[in-house]
Amino acid sequence: VTRAATPKLGAYAVLAGAGLLAALVLGRPELVALAAPFAAVLIADLGLAETPHLKAVFDLDRQHVLEGESVQAKVNLTAGRRVARLELLLNLPDGLSTEAPNPQILRLRSRERRELKYSIQCDHWGAHLVGELILRASTPLGLLVYEENSQPGEPLKVYPHGEALRTLLRPLETQAFAGNQLPRTHGEGIEFADLRPFVPGDRVRRVNWRATARRGEPWVNETHPERNADVVIFLDTFAEARRHGESTLDHAVQAAATLAAHYIREKDRVGLVAFGGVLNWLTASSGIGQLYRVLDSLLDAEIFLSHAWEDVSLIPVRTLPPKALVLALTPLLDERSARALLDLRARGFDLSVFEISPVPFAPSPEARLDALAYRLWVMRRETLRSSYLRLGVPVVEWREEAPLQAVLEEVRTFRRHARVRHA
Amino acid sequence: VTGGAAALVAVGLVLPPVARSTHVLLSLGLGGAGLISLGFGLVARRSGTLVLAIALLGSEQAVWFTTSSSLDPWTPFYAGGFLLVAELAWWSIEPRARAWIEHDATLSRAGSVITTCTGGTLLAGLVMFAAEAPLRGGAGLVLVGVVAATAALALIAVVAFRGDVVERTEELVGRDD
Chain A
40 VTRAATPKLG
50 AYAVLAGAGL
60 LAALVLGRPE
70 LVALAAPFAA
80 VLIADLGLAE
90 TPHLKAVFDL
100 DRQHVLEGES
110 VQAKVNLTAG
120 RRVARLELLL
130 NLPDGLSTEA
140 PNPQILRLRS
150 RERRELKYSI
160 QCDHWGAHLV
170 GELILRASTP
180 LGLLVYEENS
190 QPGEPLKVYP
200 HGEALRTLLR
210 PLETQAFAGN
220 QLPRTHGEGI
230 EFADLRPFVP
240 GDRVRRVNWR
250 ATARRGEPWV
260 NETHPERNAD
270 VVIFLDTFAE
280 ARRHGESTLD
290 HAVQAAATLA
300 AHYIREKDRV
310 GLVAFGGVLN
320 WLTASSGIGQ
330 LYRVLDSLLD
340 AEIFLSHAWE
350 DVSLIPVRTL
360 PPKALVLALT
370 PLLDERSARA
380 LLDLRARGFD
390 LSVFEISPVP
400 FAPSPEARLD
410 ALAYRLWVMR
420 RETLRSSYLR
430 LGVPVVEWRE
440 EAPLQAVLEE
450 VRTFRRHARV
460 RHA
Chain B
-8 VTGGAAALVA
2 VGLVLPPVAR
12 STHVLLSLGL
22 GGAGLISLGF
32 GLVARRSGTL
42 VLAIALLGSE
52 QAVWFTTSSS
62 LDPWTPFYAG
72 GFLLVAELAW
82 WSIEPRARAW
92 IEHDATLSRA
102 GSVITTCTGG
112 TLLAGLVMFA
122 AEAPLRGGAG
132 LVLVGVVAAT
142 AALALIAVVA
152 FRGDVVERTE
162 ELVGRDD
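These protein sequence lines map, in sequence, to chains A and B. Taking the working numbering, the leading residue of the first sequence gets 40, the next gets one more, and so forth. Taking the working numbering, the leading residue of the second sequence gets -8, the next gets one more, and so forth.
It is worth saying that the hints were derived from the structure and are not from the lab. Note that CB positions come from ideal geometry on N, CA and C, so glycine has one too. The reader is advised that the hints may include incorrect statements.
Beyond 12 Å from chain A on every Cβ pair, some chain B residues (computed) [as the list claims (entries may be wrong)]:
hint: 1; residue: LEU(-1)
hint: 2; residue: HIS14
hint: 3; residue: LEU19
hint: 4; residue: ALA24
Covered stretches of chain B, going by a simulated chain A footprint (3 or more residues, C-beta under 8 Å) [unchecked claim]:
hint: 5; segment: 42 to 51
hint: 6; segment: 66 to 78
Please build the complete structure, drawing on both the sequences and the hints.
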């Protein structure tokens, strides 16, 4: 609890002192009568001032919530003494808001308990600590204020709102574990792949009786095994473009959360690399626990300004398993991340680049020189994009209004045509 | 609302001395300067300007008191009026955010202002009653006055300092409830 004097305290002291002094100098008792009430207010308020002994307990009804949803909060206030005027502010971090009155000015009686309810709207994804309360109680005549800050103690995780996807990108290579992906190879499985003549050792249940009858010799079905894939989501956190409270990083995080949820649902192993000023990684794994680990790591994603040169050699080897499908979410604003992606491709990773376009975030140029600079910037981006395409890396520009599914389809189309061209 | 009320009461305090004083121009000048300072202090939300305003209004009263041969029986009401102006003026310049205010809190505050001003008027009445007592003046009585005034100011300082020490001690021992 900190105590502070209001400007009124000094002012009343000056007025009382000046009045009494003037009365002595001029010898007029009326001036004492004018000054006496100010002195009396000072003595009464300072003499009776006591710490109000306020206790405020903040409570949230849940700690995990999706972006756009709201969470209910309660503040239980208790006053040890009467508080004539209590200013209460629930200091919410950026990304959270409430429509409940905030701040509030209340009056509490001695030993009164008050429960205040807040509906907190989670406008933006992120990991927050909620519950910082600023309490300011005035003495009855307002000469002193007691201020108390309670530290935020309730964690609230707001997960990015995902998108529904019908189909996902298939990796070029699968892994050895069981999953929902169909590799190009043949083996034990359910999905039909091909027919071949019977060889000793084939099981009778694999014989295709219709083909056998038609050809006069035993033929068996071949199947695709069901395998899983390793998917690494590569999040570029070197730079972002921001406008009106939304940024390319927001779109990247939402896309990353959507992709992670869908690939994990398909029994694939998902890993995460947040490549930026601060390098964060999560080795690939599967299951609902891994989904929450990925989401929690995404909540920590932030742009950290750094001028240090970083390349993929800094990423731990286990984070990028061989034959992994690498999905890069980047605004292609920083040369370090652009180079790192080219490096990954050179190392043989199955790479797809989702370019979260920063172009809509740039203000439209007005001056002639600005327009020229803008055109040069856009051309330079085109050049960078074509350098990826030359290496066979699909690069799809994702504008904010387009659904993620459309972007995936574009990548899939590129990969299909690229495969035909190589064949 | 509070600022307007403060200005209105201040105008009410300026007029009687102007009407009765023999130094009309001086009274008018001091009163007018007081009102202008009050208006500026309310608009600019500056506590120092409000102090100056009330001091100027008080000076106008002092001019009237010094030119008058007898004690003014309305002085307690002027004292209550000055306190009311001060209370309303500082209420209106309090730092405020767009806050939802509980109806009870506003009523309680208004009640507190009225009670304080009534108490101030009664106290000023007591002072005036004491002033009318048939005591002969002299160096002794002036000394008593000086001691009383000094004691009053010292008491204010002591009370303020004591609270500060208690508060700092609480912070040091970590008592924050």
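Each hint tested on the structure:
1. LEU(-1): holds (19 Å)
2. HIS14: holds (14 Å)
3. LEU19: LEU19 of chain B is indeed farther than 12 Å from all Cβ atoms of chain A, at 20 Å.
4. ALA24: holds (16 Å)
5. 42 to 51: holds (count 4)
6. 66 to 78: holds (count 8)
Of the numbered hints stated above, none is contradicted by the structure.
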